[in-house]
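Numbering (the working numbering), first residue to last: 903 to 1253.
No lab work stands behind these hints: they were computed from the structure. Any given hint might turn out to be false.
As the list claims (entries may be wrong) - List of simulated lysine to aspartate or glutamate pairs, EDC-like, C-alpha gap at most 16 Å:
{"id": "1", "residue 1": "LYS1184", "residue 2": "GLU1245"}
{"id": "2", "residue 1": "LYS1102", "residue 2": "GLU1245"}
{"id": "3", "residue 1": "LYS997", "residue 2": "GLU968"}
{"id": "4", "residue 1": "LYS997", "residue 2": "GLU1046"}
{"id": "5", "residue 1": "LYS1184", "residue 2": "ASP1241"}
{"id": "6", "residue 1": "LYS1102", "residue 2": "ASP1167"}
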Amino acid sequence: MRVLVIGGTRFIGLATVRQLAVSGHDVTVYHRGQTEPVGLPTSVSHIHTASKDQALPVTYTPEVVEQFRQLAPDIVIHMLLLGEQDALMTSQVFKGITDRIIVISSQDVYRAFGRINHSESGELDPLPLTEESTLRSHLYPYREWASEDAQSPTHWMHSYDKILVEQVFMRDPTLRATVLRLPMVYGPHDQQHRIYPYLKRMDDARPVILLDAAEADWYWTHGYVENVAAAIVLAAVDERSVGHIYNVGERETVHLEEWVQRIADAVGWPGRIVRIPQGRLKEPLALGIDPAQNIIVATTRLRQDLGYSEIVAEEEALRRTVFWERANPPEQSEPGVFDYAEEDRILKLVY
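Please model the complete structure; the sequences and the hints are all you need to start from.
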């Protein structure tokens, strides 16, 4: 199968391209050429965009579109769709070039995510969240953090909304779309370094890790990057996925304290996780969310319809993630996130 992956050089896209190539598919990646992935089979082809400046949204010159036409992909996997305008542009670009597209979406489309971020009100949403659960009514969830400067790395937040992306493709009669709503994804090449704040404390031999008592009981569905990539590949190769929306994520969701404990078990950390009364920890030592709304997402449809199952067990997933995080720590951290003196002060006040 000829597969065109848009944005396949980092994290989830990189893992997806690797699995497609290893499975014998004819894979081409469209990207800026600033990140040439290491370790990809030589069979993977590359088409580079003319723009070297802003990564998002993805743009297409007439020359690039002609290369797509000559490639004639059986399917497009788009990792980088942000909002309505680039979704509309993408649907126009690929008319007559392909009739299938995998749309990578997010579980932040659900109203429950608006509740944890204080942008939606009302009763808590019932769990688990399914593909039919209520979506956010408040659009553009990250606009308040967006820069007006078009060259800023946060400018994309201004028009970001996966709800609008999904609507464009599910209503387009010329493209047979599959939408995959991804969870919080962790693993090698995670640019957000999601487990690093806990891992660094463990590696620094901190005797305790502090969690807000309410946040300690908060549930959020995760997904290991290679398992998420396996779901993407499965949806791409299985025609039964056409016209459907699927949640992707782990089978079992645990609360935050248990998640941190599993990281501790992976590295052999002997310390204690201590719950601090709600409200005593401030950001960035706390998440700053409304933990009353849990994010437990059902993946039953994906498993039953397409036969999905994880290819990497959680214990091995954490081992690989820890190894990568230790070898690739972030260049800088948010101010105050590792303020151990403040943590010690709070611990003494509370206990």
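Tested hints:
no.: 1; hint: LYS1184 with GLU1245; in the structure: holds, 11 Å
no.: 2; hint: LYS1102 with GLU1245; in the structure: holds, 14 Å
no.: 3; hint: LYS997 with GLU968; in the structure: holds, 12 Å
no.: 4; hint: LYS997 with GLU1046; in the structure: violated, 34 Å
no.: 5; hint: LYS1184 with ASP1241; in the structure: holds, 12 Å
no.: 6; hint: LYS1102 with ASP1167; in the structure: holds, 14 Å
Violated hints amount to a single one, hint 4; each of the other numbered hints is respected by the structure.
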